[in-house]
Amino acid sequence: MTSLLKPRDGKDVEAAVHWALAESKTLEIVGQGSKRGVGRAAQWDLSLDLSDLSGVTLYEPDELILSAKAGTPMAEIEALLAANNQELAFEPVDYGPVFGAGPGRGTIGGVLGANLSGPRRIKAGAARDHFLGFTAVSGRAETFKSGGRVVKNVTGYDLCKVMAGSWGTLAALTDVTVKVLPRAETEETVLVLGLDDATAARAMSAAMGSSNDVSGAAHFPAPVAASLQAEAGAALTALRLEGVAPSVVHRRRALEVLLKSFGEIAVLEEGASRDVWRVIRNVTPFTGGARALWRISVAPTRGHEVAAAIGEGAEYVYDWAGGLIWVALPATEDGGAERVRRAIAANGHATLIRAPAAIRASVPVFEPQEPGLAALTRRVKESFDPKGIFGPGRMYAGI
Amino acid sequence: MAMAELAAQPRNEKAVKAAIGALAAKFGNRLVTSQAVREQHGNTLTWIENQPPDAVVFPQTAEDVQDAVRICVQHRVPVIPYGTGTSLEGHINAPQGGVTLDFRDMNRVLAVHAEDLDCVVEPGVTRKQLNEYLRDQGLFFPIDPGADASIGGMTATRASGTNAVRYGTMKDNVLALKVVLASGELISTARRAKKSSAGYDLTRLFVGSEGTLGVITEITVKLHGIPEAISGGICPFPSVEAACNATIATIQSGIPVARIELFDELQVKACNAYSKLTLPESPLLFLEFHGTEAGVAEQSARFGEIAADLGGGPFTWTTNTEERNRLWQARHDAYWAVIGLRPGAKAFATDVCVPLSRLAECVTETQRDIAEHNMLAPIVGHVGDGNFHTSVLLDMNDPAEVATAKAFSERLVERALAMEGTCTGEHGVGQGKMKYLQAEHGEALAAMRAIKHALDPQDLMNPGKIVAF
Chain A
1 MTSLLKPRDG
11 KDVEAAVHWA
21 LAESKTLEIV
31 GQGSKRGVGR
41 AAQWDLSLDL
51 SDLSGVTLYE
61 PDELILSAKA
71 GTPMAEIEAL
81 LAANNQELAF
91 EPVDYGPVFG
101 AGPGRGTIGG
111 VLGANLSGPR
121 RIKAGAARDH
131 FLGFTAVSGR
141 AETFKSGGRV
151 VKNVTGYDLC
161 KVMAGSWGTL
171 AALTDVTVKV
181 LPRAETEETV
191 LVLGLDDATA
201 ARAMSAAMGS
211 SNDVSGAAHF
221 PAPVAASLQA
231 EAGAALTALR
241 LEGVAPSVVH
251 RRRALEVLLK
261 SFGEIAVLEE
271 GASRDVWRVI
281 RNVTPFTGGA
291 RALWRISVAP
301 TRGHEVAAAI
311 GEGAEYVYDW
321 AGGLIWVALP
331 ATEDGGAERV
341 RRAIAANGHA
351 TLIRAPAAIR
361 ASVPVFEPQE
371 PGLAALTRRV
381 KESFDPKGIF
391 GPGRMYAGI
Chain B
400 MAMAELAAQP
410 RNEKAVKAAI
420 GALAAKFGNR
430 LVTSQAVREQ
440 HGNTLTWIEN
450 QPPDAVVFPQ
460 TAEDVQDAVR
470 ICVQHRVPVI
480 PYGTGTSLEG
490 HINAPQGGVT
500 LDFRDMNRVL
510 AVHAEDLDCV
520 VEPGVTRKQL
530 NEYLRDQGLF
540 FPIDPGADAS
550 IGGMTATRAS
560 GTNAVRYGTM
570 KDNVLALKVV
580 LASGELISTA
590 RRAKKSSAGY
600 DLTRLFVGSE
610 GTLGVITEIT
620 VKLHGIPEAI
630 SGGICPFPSV
640 EAACNATIAT
650 IQSGIPVARI
660 ELFDELQVKA
670 CNAYSKLTLP
680 ESPLLFLEFH
690 GTEAGVAEQS
700 ARFGEIAADL
710 GGGPFTWTTN
720 TEERNRLWQA
730 RHDAYWAVIG
740 LRPGAKAFAT
750 DVCVPLSRLA
760 ECVTETQRDI
770 AEHNMLAPIV
780 GHVGDGNFHT
790 SVLLDMNDPA
800 EVATAKAFSE
810 RLVERALAME
820 GTCTGEHGVG
830 QGKMKYLQAE
840 HGEALAAMRA
850 IKHALDPQDL
860 MNPGKIVAF
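Protein sequence lines, in the order shown, are assigned to chains A and B.
Anchor point for the first sequence: position 368 equals 368 in my numbering, and the numbering is continuous, going up by one each time.
Position in the second sequence (first residue = 1) + 399 = my numbering.
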């Protein structure tokens with residue numbers, strides 16, 4: 001059992017890091033621990049638990065920004081925003097169910113640290129694109145701030161972007177500010193039925209290139225679609241339209257015209273549409289279970305080739321118009337690492353999101369980097385955390 | 400750091416000479432040392448003095464860039480990347496001398512992936528050149544700073560423009576980069592996949608780094624489909640405050656406006672005089688909506704209602720291209736119209752950005768400041784982002800005028816910072832805004848400096864910009 005440091009505020013965090021630095025202890029930064037299973041299996045001396053740094057510190061609905069302490073639960077933030085008809089437009093995936101825990105877990109600091117984003121990423125961007133500012137404690141035990149409350153600035157290096165997706169290996173976030181946006185009044189989903197993966201990729205590309213402002217484009221091949229809707233049995237390609245009702249209706253009609261040559265079309269009204277996108281967002285077909293779960297990012301039109309190249313025993317769904325593939329593989333031997341990475345053939349990257357520790361200890365979890373890029377990664381890590389106290393080895397061995 | 404210190408940076412004449420000798424052997428007549436060319440490459444568009452490099456090299460390939468960087472680093476001579484020279488804060492000055500790499504000849508569009516909505520370009524491709532290239536394919540690249548800047552320069556300065564409220568800025572539209580580091584190594588920051596989460600986001604570390612971490616040699620950018628329909632129009636308001644409130648209400652209600660630009664009365668007057676228009680001489684919003692025919696019509700109608708609720712209007716709009724261009728002509732001519740207010744003067748541009756809720760207050764106070772100091776300084780704002788520019792008209796040879804303008808600019812930055820804004824929304828830090836960075840970022844500067852030291856340990860990549868070493 002790892003011992004725990006549980007700071008109550010930013011000052012405590014600084015003191016904790018100061019102590020760890022002096023004692024040469026390594027720290028695992030956690031909020032609620034909902035994504036603890038992601039990353040290489042490594043050992044750290046202590047957990048730096050930020051869950052007591054909790055609470056929304058500033059929310060001005062008019063201004064479309066929200067500031068909160070890093071450990072604030074996502075559930076609290078999402079409820080507050082929903083009460084004001086707003087949301088986090090990047091629609092972060094909820095990894096709770098993927099790891100067999102309940103839904104609605106995670107903290108805002110964790111979401112940003114992991115740069116989580118969901119189906120709307122193709123229209124609204126990822127978490128990091130909505131990350132306006134932060135306060136953090138570096139591996140030098142120095143508190144520093146970056147960014148602020150404006151949506152646009154060009155004041156030097158964009159540290160928010162570097163912190164987003166650093167998985168707690170550069171600095172401990174203590175306070176964050178994010179952009180929030182009005183929630184769409186309604187939504188509908190156009191389903192195209194029975195497409196093979198290659199045709200679905202073309203249909204999604206046509207929809208994305210049109211003026212219909214598609215805010216989600218996903219494809220469920222037949223085996224996975226069957227697990228969704230018992231009677232379906234055919235592949236489903238889903239395209240989401242959001243906005244005010246009249247606009248959604250006329251864009252839906254335009255999209256039906258555009259896509260009718262691809263296959264039979266069905267429309268999901270608001271309620272059913274929301275359900276489907278929740279399934280996609282939270283990777284519901286592959287939650288729980290013992291299979292290894294891969295998250296592959298490629299150029300959208302290549303998605304189906306990559307998926308096909310993985311071979312036997314792989315089940316997958318596509319999001320982001322084919323650019324994101326969630327792949328479930330048997331959690332045996334290397335969890336499929338060799339064939340996944342061979343299928344990508346250096347044209348994208350794969351992250352092993354879920355696998356037993358033994359596999360995560362033996363294969364790279366994040367896409368291996370070319371030597372030049374790896375050296376650069378090391379230098380960036382050292383510039384924030386020169387002694388390597390924050391989650392060393394979580395992303396790459398020795399970094 | 401004061402300007403006097405910038406000018407007094409150490410120079411090693413012997414090293415410079417040796418580097419130029421080695422570069423001449425490699426690049427022949429693609430190395431230029433004439434005074435006129437050198438001075439042209441230190442152009443600043445402000446009162447910051449011209450600090451020319453010692454030589455200008457015109458690379459044609461990434462290998463050329465690697466060779467030039469290696470030679471310069473070996474002799475400890477600074478390297479300054481140059482696109483079209485339209486940056487506004489001394490980004491391309493050479494305070495310690497050194498070698499400018501001008502990307503004029505690296506202007507090829509390398510690949511367009513229409514179905515994936517991205518393309519790969521060399522840094523010298525300009526935004527207009529790219530859009531002409533893309534037009535036949537029904538695609539466009541949305542970032543449009545005032546100048547016809549290079550994509551390399553726009554990446555290095557994290558540029559934005561009038562479309563940012565819908566399409567974002569360069570930070571949202573760059574997918575991957577190839578960069579020559581101070582070591583001379585050429586690295587790819589990401590693959591062409593839409594999402595670059597393979598490790599730290601190094602792509603966006605270089606976006607906005609102003610050439611201080613390495614030299615960008617190739618850029619993959621996101622493209623967008625040319626909208627099926629565009630509606631555009633203008634809407635007068637009784638006050639700047641009402642126009643700002645209409646902007647906030649529009650964005651808050653989720654109307655996906657593509658462009659929303661504010662002109663103050665003086666700017667409208669200038670445009671009327673210059674473009675022979677009869678626009679109502681009150682604060683004005685220029686708007687554009689992108690989407691389907693029915694969509695843009697509905698968005699325009701909804702905006703019209705918001706404007707009327709706030710005492711503005713009528714909102715005159717159209718989806719007809721020629722009509723729209725006529726209405727938008729004033730926006731496109733804004734710069735020349737400003738110059739027309741005082742022939743012979745230069746326009747010095749300010750660039751603060753504040754939280755949206757403070758925008759009206761900031762613009763109004765700034766107008767008062769302008770009036771109190773008898774300056775001629777119309778205001779144009781990308782108000783959807785809380786960002787606005789004043790164009791201070793002044794005679795750069797009159798020290799009293801320059802002093803007044805400088806003091807005004809400092810007050811404006813202080814005002815924006817006091818409102819939790821930023822000293823620069825889109826022009827960048829360069830040399831001109833370095834001193835404000837301390838006030839705005841405090842401890843983040845130490846983090847930025849640590850990155851600078853890690854990536855450029857000898858301070859040779861565009862030194863004297865963003866962070867003092």
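Derived from the structure by calculation, the hints contain no laboratory data.
Misleading hints may appear alongside valid ones.
Sample of chain B residues facing chain A (criterion: CB under 8 Å; computed from the structure) [as the list claims (entries may be wrong)]:
1. Asp466
2. Ala510
3. Glu531
4. Asp535
5. Ala563
6. Ala628
7. Gly694
Note that CB positions come from ideal geometry on N, CA and C, so glycine has one too.
Verification of the hints:
Among the interface hints, the one on aspartate 466(B) is violated; its C-beta lies about 17 Å from the nearest C-beta in chain A, farther than the 8 Å criterion. Interface restraint check: alanine 510(B) against chain A, minimum CB-CB distance 11 Å, threshold 8 Å, status violated. For glutamate 531(B), the interface hint is violated, the least distance from its beta-carbon to any beta-carbon of chain A being 19 Å, above 8 Å. Interface hint at aspartate 535(B): violated, since its Cβ lies 14 Å from the closest Cβ of chain A, which is beyond the 8 Å cut-off.
At about 6 Å, the closest approach between the beta carbon of alanine 563(B) and any beta carbon in chain A falls short of 8 Å, and the interface hint on this residue holds. Against a cut-off of 8 Å between C-beta atoms, the interface hint on alanine 628(B) holds, since the closest Cβ of chain A lies about 7 Å away. Because the closest C-beta pair between glycine 694(B) and chain A is about 5 Å apart, less than 8 Å, the hint holds.
Hints 1, 2, 3, 4 from the list above are not met by this structure, while the remaining hints are.
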